[in-house]
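Residue numbers (the numbering used here), protein chains in the order written: chain A, 544 to 825; chain B, 35 to 356.
No lab work stands behind these hints, which were simulated from the structure alone. A few of these clues could be false.
[What the hints assert, rightly or not] Covered stretches of chain A, as calculated for chain B (at least 3 residues, CB under 8 Å): (1) 683-693; (2) 697-710.
[As the list claims (entries may be wrong)] Incomplete in silico selection of chain B near chain A, CB under 8 Å: (3) 88; (4) 183; (5) 202; (6) 214; (7) 216; (8) 308.
[What the hints assert, rightly or not] Below, in silico cross-link-like pairs of lysine-lysine (DSS-like), each with a Cα-Cα straight-line distance of 27 Å or less: (9) A/650 / B/254; (10) B/344 / A/650; (11) B/273 / B/254; (12) A/650 / B/273; (13) B/347 / B/273; (14) B/158 / B/254; (15) B/344 / B/273.
Ideal placement from N, C-alpha and C gives every residue a C-beta, glycine not left out.
Here is how the chains run, residue by residue.
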Amino acid sequence: MRAMSWPLRIGWIVIIAAVLVWSLFPVFSILMTSLKTQDGLFSGTLLPPEWTFDNYAQILAPGGAAQELFLTSLRNSIGITLISTFIAVVLATLCAYAIARLDFPGKRIILTTALAVSVFPIVSIVTPLFNLWRTIGLYDTWLGLIIPYLSLTLPIAIWTLAAFFRQIPWELEQAAQVDGATPFEAFRKTVVPLAAPGVFTTAIIAFFIAWNDFVYGISLTSTDAARPVPAALSFFTGASQFEQPTGAISAAAIVVTIPIVIVVVIFQRRIVSGLTQGAVKG
Amino acid sequence: VTTDTVAPTRRSERPAPKPARRRLSDRARAERRLGWMLAGPAFGIMLLVTLYPIVQALFDSLFRLRLTAPDERAFIWFENYRVILSDPAFWQSMWITVLITVITVLIELVVGFGLALVMHRAIKRFRGLVRTAILVPYGIITVVSAFAWFYAFDINSGGYINNWLAWIPGFDTDLNWFAQQGTSLFVIILSEVWKTTPFISLLLLSGLAQVPGDLEEAAKVDGATGWEVMRRVILPNMKAAIMVAVLFRTLEAFRIFDNIFIMTGGANDTEALSLLAYNTSIGRLEIGLGSAISVLLFLSVLIIAGIFIKGFKVDLSAGRNS
Chain A
544 MRAMSWPLRI GWIVIIAAVL VWSLFPVFSI LMTSLKTQDG LFSGTLLPPE
594 WTFDNYAQIL APGGAAQELF LTSLRNSIGI TLISTFIAVV LATLCAYAIA
644 RLDFPGKRII LTTALAVSVF PIVSIVTPLF NLWRTIGLYD TWLGLIIPYL
694 SLTLPIAIWT LAAFFRQIPW ELEQAAQVDG ATPFEAFRKT VVPLAAPGVF
744 TTAIIAFFIA WNDFVYGISL TSTDAARPVP AALSFFTGAS QFEQPTGAIS
794 AAAIVVTIPI VIVVVIFQRR IVSGLTQGAV KG
Chain B
35 VTTDTVAPTR RSERPAPKPA RRRLSDRARA ERRLGWMLAG PAFGIMLLVT
85 LYPIVQALFD SLFRLRLTAP DERAFIWFEN YRVILSDPAF WQSMWITVLI
135 TVITVLIELV VGFGLALVMH RAIKRFRGLV RTAILVPYGI ITVVSAFAWF
185 YAFDINSGGY INNWLAWIPG FDTDLNWFAQ QGTSLFVIIL SEVWKTTPFI
235 SLLLLSGLAQ VPGDLEEAAK VDGATGWEVM RRVILPNMKA AIMVAVLFRT
285 LEAFRIFDNI FIMTGGANDT EALSLLAYNT SIGRLEIGLG SAISVLLFLS
335 VLIIAGIFIK GFKVDLSAGR NS
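Chain A extracted, bound-state conformation:
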């Protein structure tokens, strides 16, 4: 690439700085809120006048005012999200494999259904689920969230994986067999290494979507038996009745954001390719 002229270079630096500020400002803002003392909250400044980790102690340290509430919901969130992501990715892998490789009537219907489900207004199905779950005992249980979470994770997993699988040169498998590999060897040595990154990326995207859920979480739970983090945040209370839960909520928000930022930093290239390939012909 030829060297950029100075005005162009400065222009790019300004643009990229603007993108960074826009994308990271709210995270920085709530991080700062989480490090403020109870009095410091009302300093009216972005940066804390006095730095403290008290808010983190409240949600993480034994005896913290919101520790049990937060850690229980964190466990619920991680468990429910991982299980529903796992189920979605397994089912979607089979489904996308069939769509990409086999000839059977109804492919279009499956893809269109996935598309329709992904834009379905969740609130529309929450009322009947709320009613049904209470009758059959799934209300306020892990399973009662894992099942509806599949409506969030399955469609995007099918789309993303179908797009990934379409790009795999399946002929390699036959070539390996011609070269004397057994069918299983051929599959394991040629297809699996090519398909694995797609499956992994899909799992990340599905995890993000389930991790983000609020509507199901707040509608289908009533105690900390299954309440996930986003729903639990709105139930936080201050250390005493005179204290605001602002600091504790901010600290909890940062704790659940850190893993996302780490995953994004490590896998940004894959996530972008997964999201764009699922969207448009790759």
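Place chain B on chain A using the hints.
Frame of chain A; chain B shown alone:
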């Protein structure tokens, strides 16, 4: 593990000629069966978790049904719909939802296109950085975004934005952003835009990648300015991607819930349709009325999708790979 030979041409679907159907070979029939065995479970579950509940909602919406008084359950035809459709509160909700949807999608289209251009044009050294920054809002929990913006603005929880705006003549630093509709909506939309623009910009980025580079070059050689290239070459070639992005975001924005729930809970006339449905059925346990609102919300989404697909001729398969 299958070892059959599948030609790459199978990927593109073509309608099978009718007479061929009767002469389907055993192999083709086995392939069909295998196809449905593999794809069936995912398909079935998708239907089960959406189709069944919406049918149930349709059914429940025809009853007077209150969980606080379960014995008064009675079949009342479309009475619930009459009550809702003649209630100004419903139309207020509808109006707010449409307003929020239109404003967010328009802003996101412009900002998202800008971000897509930055990702597309940025030199290699910056590309990873920009992508990472843009994916942070994508990955973050919407409720966290809502709290972040809420705490920055709300004077009762130590918001500092008012101090930043003090230089504006006539700005009241005691302004409570969440005490009236207009300013509440401003912050709600800000958070919604921040959180969901990355999605639209990634859809647009994949559209940008499809614009043939030689067309752009040719236009430049012919002396077109940057703006002309944009308007005459890039945008027309991206039309399909733009329409798909707008359709998806419109349908998503129409079900806005999290940001409003956290910031106002629907107070000050900010109760969008999703919130109205939630507050009616889960808040007040009016299952009959709530179901009717749910069905109306679902119908609205269907109508919007219909308008886009028929009216604007959005070909989903043009943007989405099918």
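Taking the least C-beta to C-beta distance, is residue 88 of chain B closer than 8 Å to chain A? Because about 6 Å separates residue 88 of chain B from the closest Cβ in chain A, which is inside the 8 Å limit, the hint holds.
Verify this for me: three or more residues of the stretch 683-693 of chain A with a beta carbon less than 8 Å from a beta carbon of chain B. holds (count 3)
With the threshold set at 27 Å, check whether the alpha-carbon distance from residue 650 of chain A to residue 254 of chain B stays at or below it. Not OK: residue 650 of chain A and residue 254 of chain B at ~42 Å, beyond 27 Å, violated.
Does the closest beta carbon of chain A sit nearer than 8 Å to the beta carbon of residue 183 of chain B? Hint holds; residue 183 of chain B Cβ to chain A Cβ min 6 Å, cut 8 Å.
Quickly compare the C-alpha distance for residue 273 of chain B and residue 254 of chain B to 27 Å and report which way the hint goes. Given pair residue 273 of chain B, residue 254 of chain B holds - Cα atoms ~21 Å apart, limit 27 Å.
Restraint outcome when residue 214 of chain B is required to lie within 8 Å of chain A by C-beta distance: violated, 21 Å
Under 8 Å is the threshold here; is the Cβ of residue 308 of chain B close enough to any Cβ of chain A for the hint to stand? At about 4 Å, which falls below the 8 Å cut-off, the nearest Cβ of chain A leaves the hint on residue 308 of chain B intact, so it holds.
Can the restraint linking residue 344 of chain B and residue 273 of chain B be considered satisfied, given a maximum Cα separation of 27 Å? holds, 16 Å
Taking only the CA atoms, is the gap from residue 650 of chain A to residue 273 of chain B under or equal to 27 Å? Satisfied, since the Cα-Cα distance of roughly 26 Å is no more than 27 Å.
Coverage claim, chain B over the stretch 697-710 of chain A, checked by counting residues with Cβ within 8 Å (three needed): holds (count 7)
Does the alpha-carbon distance linking residue 344 of chain B and residue 650 of chain A stay inside the 27 Å limit? Measuring from Cα to Cα gives roughly 22 Å; hence the hint holds.
Does the alpha-carbon distance linking residue 158 of chain B and residue 254 of chain B stay inside the 27 Å limit? holds, 23 Å
Against the hints set out earlier in the document, violations occur for numbers 5, 6, 7 and 9.
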